[in-house]
Amino acid sequence: MKIHYLCCKSINLSLKYLLSLPFFLFLCWKMYSLQRIILHSLQ
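Taking the working numbering, the leading residue of the sequence shown gets 1106, the next gets one more, and so forth.
Heads up, a few of these hints could be off.
Said to hold, decoys possible - What follows is a set of in silico ranges between Cβ atoms, one per label pair, in the way DEER data are often shown:
#  : residue 1 : residue 2 : range
1  : Gln1148   : Ile1116   : 31 to 41 Å
2  : Lys1121   : Leu1147   : 36 to 46 Å
3  : Ser1146   : Tyr1110   : 44 to 54 Å
4  : Leu1144   : Tyr1122   : 43 to 53 Å
5  : Leu1111   : Leu1132   : 23 to 33 Å
6  : Leu1118   : Ser1138   : 26 to 36 Å
7  : Ile1142   : His1109   : 47 to 57 Å
8  : Gln1148   : Pro1127   : 46 to 56 Å
9  : Ser1119   : Gln1140   : 28 to 38 Å
10 : Tyr1110   : Leu1132   : 30 to 40 Å
11 : Cys1113   : Gln1140   : 36 to 46 Å
These are calculated hints, taken from the structure and not from any lab test. In this text, a Cβ means the ideal position worked out from N, Cα and C, and glycines have one as well.
From just these sequences and the hints, can you work out the full model?
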């Protein structure tokens, strides 16, 4: 029972992670482009 519960938990976590991964990538890309824009405006 315990093992089954743990498996369900990890599957749920990985699903959540997979769903949030595009969001994180989008955030990283946003931050990166913002940083580049700021650097360009400073020069």
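Hints, verified against the model:
1. Take Gln1148 and Ile1116: their Cβ atoms lie about 49 Å apart, and the range 31 to 41 Å is violated.
2. In this structure the hint that Lys1121 and Leu1147 lie 36 to 46 Å apart at CB holds, the actual value being about 38 Å.
3. For Ser1146 and Tyr1110, the Cβ-Cβ distance of about 53 Å falls inside the hinted range of 44 to 54 Å, so the restraint holds.
4. The given range of 43 to 53 Å is broken by Leu1144 and Tyr1122, whose C-beta atoms sit roughly 31 Å from each other.
5. Checked against the hint of 23 to 33 Å, the C-beta distance between Leu1111 and Leu1132 comes to roughly 30 Å, which is consistent with it.
6. Between Leu1118 and Ser1138 the beta carbons are some 30 Å apart, a value that agrees with the proposed interval 26 to 36 Å.
7. Between Ile1142 and His1109 the CB atoms are about 50 Å apart, so this pair conforms to the stated range of 47 to 57 Å.
8. At roughly 32 Å, the beta carbons of Gln1148 and Pro1127 sit outside the given window of 46 to 56 Å.
9. Taking the beta carbon of each, Ser1119 and Gln1140 are about 30 Å apart, inside 28 to 38 Å as hinted.
10. Evaluation of the 30 to 40 Å hint for Tyr1110 and Leu1132 yields a pass: the beta carbon distance comes to about 32 Å.
11. Judged by the Cβ atoms, the range 36 to 46 Å given for Cys1113 and Gln1140 holds: they are separated by roughly 40 Å.
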